[in-house]
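Could you put together the complete structure from these sequences and hints?
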Amino acid sequence: MRGLLKLTLTQMKLYLREPVATFFTIFFAPLMLLLFGAIYGNEPSPLFGGRGSMDVSVPSYIGLIIVTVGLIGLPIGTASAREHGVLRRFRATPLHPLAYIVSDIINYLLMTVLGVLLLFLTGKLVFNVRFEGHLLSVLGGFLLGTLAFFALGYLVAGLAPTARTAQTVGMVLAYPMMFLSGATIPWEILPKGIKAFAQYIPLTYVVRLMRGLWFGDAWSQYGTEVAALVGCLLVGGIVAAWTFRWE
Amino acid sequence: MGIAVEVADLYKSYGSVRAVDGVSFTVEEGEIFGMVGPNGAGKTTTIECVEGLRRPDRGTVRVLGLDPQRDGYELRRRIGVQLQQTALHPRLKVWEALDLFGSFYPRRVDGNSLLEQLGLADKRNAPFDKLSGGQKQRLFIALALINDPELVFLDELTTGLDPQARRAMWDLVRDVRNQGKTVFLTTHYMEEAERLCDRVAIIDHGKIVALDTPENLIRSLGAEQRVVFSADKRLDMGMLRQAPGVTRVERVGERVVVYGKGEGLVSGVIGLLERAEVPFRDLRTEQPSLEDVFLALTGREMRE
Numbered sequence: 001m002r003g004l005l006k007l008t009l010t011q012m013k014l015y016l017r018e019p020v021a022t023f024f025t026i027f028f029a030p031l032m033l034l035l036f037g038a039i040y041g042n043e044p045s046p047l048f049g050g051r052g053s054m055d056v057s058v059p060s061y062i063g064l065i066i067v068t069v070g071l072i073g074l075p076i077g078t079a080s081a082r083e084h085g086v087l088r089r090f091r092a093t094p095l096h097p098l099a100y101i102v103s104d105i106i107n108y109l110l111m112t113v114l115g116v117l118l119l120f121l122t123g124k125l126v127f128n129v130r131f132e133g134h135l136l137s138v139l140g141g142f143l144l145g146t147l148a149f150f151a152l153g154y155l156v157a158g159l160a161p162t163a164r165t166a167q168t169v170g171m172v173l174a175y176p177m178m179f180l181s182g183a184t185i186p187w188e189i190l191p192k193g194i195k196a197f198a199q200y201i202p203l204t205y206v207v208r209l210m211r212g213l214w215f216g217d218a219w220s221q222y223g224t225e226v227a228a229l230v231g232c233l234l235v236g237g238i239v240a241a242w243t244f245r246w247e
Numbered sequence: 001m002g003i004a005v006e007v008a009d010l011y012k013s014y015g016s017v018r019a020v021d022g023v024s025f026t027v028e029e030g031e032i033f034g035m036v037g038p039n040g041a042g043k044t045t046t047i048e049c050v051e052g053l054r055r056p057d058r059g060t061v062r063v064l065g066l067d068p069q070r071d072g073y074e075l076r077r078r079i080g081v082q083l084q085q086t087a088l089h090p091r092l093k094v095w096e097a098l099d100l101f102g103s104f105y106p107r108r109v110d111g112n113s114l115l116e117q118l119g120l121a122d123k124r125n126a127p128f129d130k131l132s133g134g135q136k137q138r139l140f141i142a143l144a145l146i147n148d149p150e151l152v153f154l155d156e157l158t159t160g161l162d163p164q165a166r167r168a169m170w171d172l173v174r175d176v177r178n179q180g181k182t183v184f185l186t187t188h189y190m191e192e193a194e195r196l197c198d199r200v201a202i203i204d205h206g207k208i209v210a211l212d213t214p215e216n217l218i219r220s221l222g223a224e225q226r227v228v229f230s231a232d233k234r235l236d237m238g239m240l241r242q243a244p245g246v247t248r249v250e251r252v253g254e255r256v257v258v259y260g261k262g263e264g265l266v267s268g269v270i271g272l273l274e275r276a277e278v279p280f281r282d283l284r285t286e287q288p289s290l291e292d293v294f295l296a297l298t299g300r301e302m303r304e
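First to last, the sequence lines map onto chains E and R. Residue numbers for the first sequence follow our numbering, so the first one is 1 and each next one is one higher. Residue numbers for the second sequence follow our numbering, so the first one is 1 and each next one is one higher.
Treat each hint with caution, since some may be false.
[Unchecked claim] Example chain E residues on the side facing chain R (calculated, C-beta under 7 Å, incomplete):
#1 Arg2
#2 Gly3
#3 Thr10
#4 Leu14
#5 Arg51
#6 Gly52
#7 His84
#8 Val86
#9 Arg88
#10 Arg89
#11 Thr93
#12 Pro97
[Claimed, not checked] Quick list of in silico lysine-lysine cross-link-like pairs, DSS-like style, CA-CA up to 30 Å:
#13 Lys13(E) x Lys233(R)
#14 Lys6(E) x Lys123(R)
#15 Lys261(R) x Lys233(R)
Hint data in this document are derived by calculation from the structure and do not stem from the laboratory. We put the beta carbon where it would ideally sit given N, CA and C, even for glycine.
Written out as structure tokens, the structure is:
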């Protein structure tokens, strides 16, 4: 237990010492918000059902943070720790393998939370964005989306033979998702043809669920999204557990 | 003295490659036991089976009375391990590494005094990727000692170190043993095995070809020692053959090599030279080494 706590704290410190990871996890989404807020403002618009562009962007950008950590940071971190023999060294201690995985997940989860908090604070302080949902409900949706993407991230790390491959595969999957899921470009302005295909992208389910819960919708309206994300979590988790290697 | 490690009929293959092909040995408590052999001989696979990091195909392994596969967690609390291919997070600082790894064990020693002892005290705040090769190795030894282990495994401890750092490392290993711990190490440096180990197992192609103290291994070889010197061309080579134990004499230009066995060889040769009033210089003796033992046992030079 002491080891688990110490390991988690150490992992967080190490994460925050990586400028690139820290920038993209914690500062990128708030900066995007400031940039697009400066361009579009937050005036109520019929396009967003009477809400402003920033009101809608905050819950959407949560998807951006989730995909960045889950499909880029996590697979690179996991595969390179494996490749350099960092994981091997832990295996030679009495630390339980499960304790390592748990601390890894907690670390990435807390980093994602940090990014979301800063995003919300920026939105609230600069654009006075609206939050019309229930905190616990939003937290639940956030956890589901995040863990589903972590499962996919571990799957990529497990299947990729090297850290380089993990990085490439992660980015190839992550970037189209960022732009086609409504996480960056609002879903409302995507062309019909793209929507027809983009509605099946995993991140689209996260963005739809987050936006819905953020504005107070009931979970029951999002059966498809929840089913898809639980599917990602289970399939990703099982394959990841199967393909996980210590060296 | 009790038995720290007991290995019997150990086999381990990777695909069609037999990495370890029926190895048996014991390591006694309080000794420095070395496994020496060329790269790919099966040293690392053997030591990692003993540490419990690899599962043997066949054979029994007992370490401190425990089965490394079944009682892995219990065992890993009581052993210290330095691995061959490993690293820490590049930005992890030296003190943080000791603090972190110490937290995995119920019993641990003071990290600062360990750093002091290993000459890393001034690197306390340095991140892992700013350490030199020797400093990284010393940090890995510190990590292997943080839990005050009874048995320490050192896999290719000095590979990649310069000769000076290597000698410093030998002193460290002797210190560890003098604290009453057992050391099980692997190396592909014959000189290291000869200077450092109480007993040596020579391993080649996954089999132990010899196991004894370095002195006994060399003596059992019955190899000749050599007396080498330079002398004037007028030296009578036939005269040298009268020295006790001489087997043959060679001469290349001014350089003379007298081969022979037995205690009296060196003084015999010098005595003859002085009596004949032959001026000689640069006289030295060359003893057979573990290198010669390896060559004799396998028919190959050790160096890759």
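Quick check on His84(E) please, does its C-beta sit within 7 Å of some C-beta on chain R?
holds (4 Å)
When the least beta-carbon distance from Val86(E) to chain R is tested against 7 Å, hint result
Holds, about 6 Å.
Please work out if Lys261(R) and Lys233(R) have their alpha carbons no farther apart than 30 Å.
It holds: about 25 Å lies between the C-alpha atoms, which stays within 30 Å.
Per the CB criterion, is Arg51(E) less than 7 Å away from chain R?
Since the shortest Cβ distance to chain R is 42 Å, the answer is violated.
Can you verify the interface hint for Leu14(E): is its Cβ closer than 7 Å to any Cβ in chain R?
holds (5 Å)
Arg88(E) as chain R interface residue, shortest Cβ-Cβ below 7 Å
holds (5 Å)
Satisfaction of the Arg89(E) interface hint, Cβ to chain R closer than 7 Å:
OK, holds: Arg89(E) within 7 Å of chain R, min 5 Å.
Quick check on Thr10(E) please, does its C-beta sit within 7 Å of some C-beta on chain R?
holds (5 Å)
Under the criterion of a CB-CB separation shorter than 7 Å, is Pro97(E) in contact with chain R as hinted?
Status violated, d = 10 Å.
If you draw a straight line from the CA of Lys13(E) to the CA of Lys233(R), is it 30 Å or shorter?
violated (74 Å)
Agreement of hint Gly3(E) with chain R interface, Cβ distance less than 7 Å:
Given a least distance of 4 Å, the restraint on Gly3(E) holds.
May I ask you to test the interface hint for Thr93(E) with respect to chain R, counting a Cβ-Cβ separation under 7 Å as satisfied?
Result: holds, 4 Å to nearest chain R Cβ.
When held up to the earlier numbered hints, the structure conflicts with 5, 6, 12, 13 and fits the remainder.
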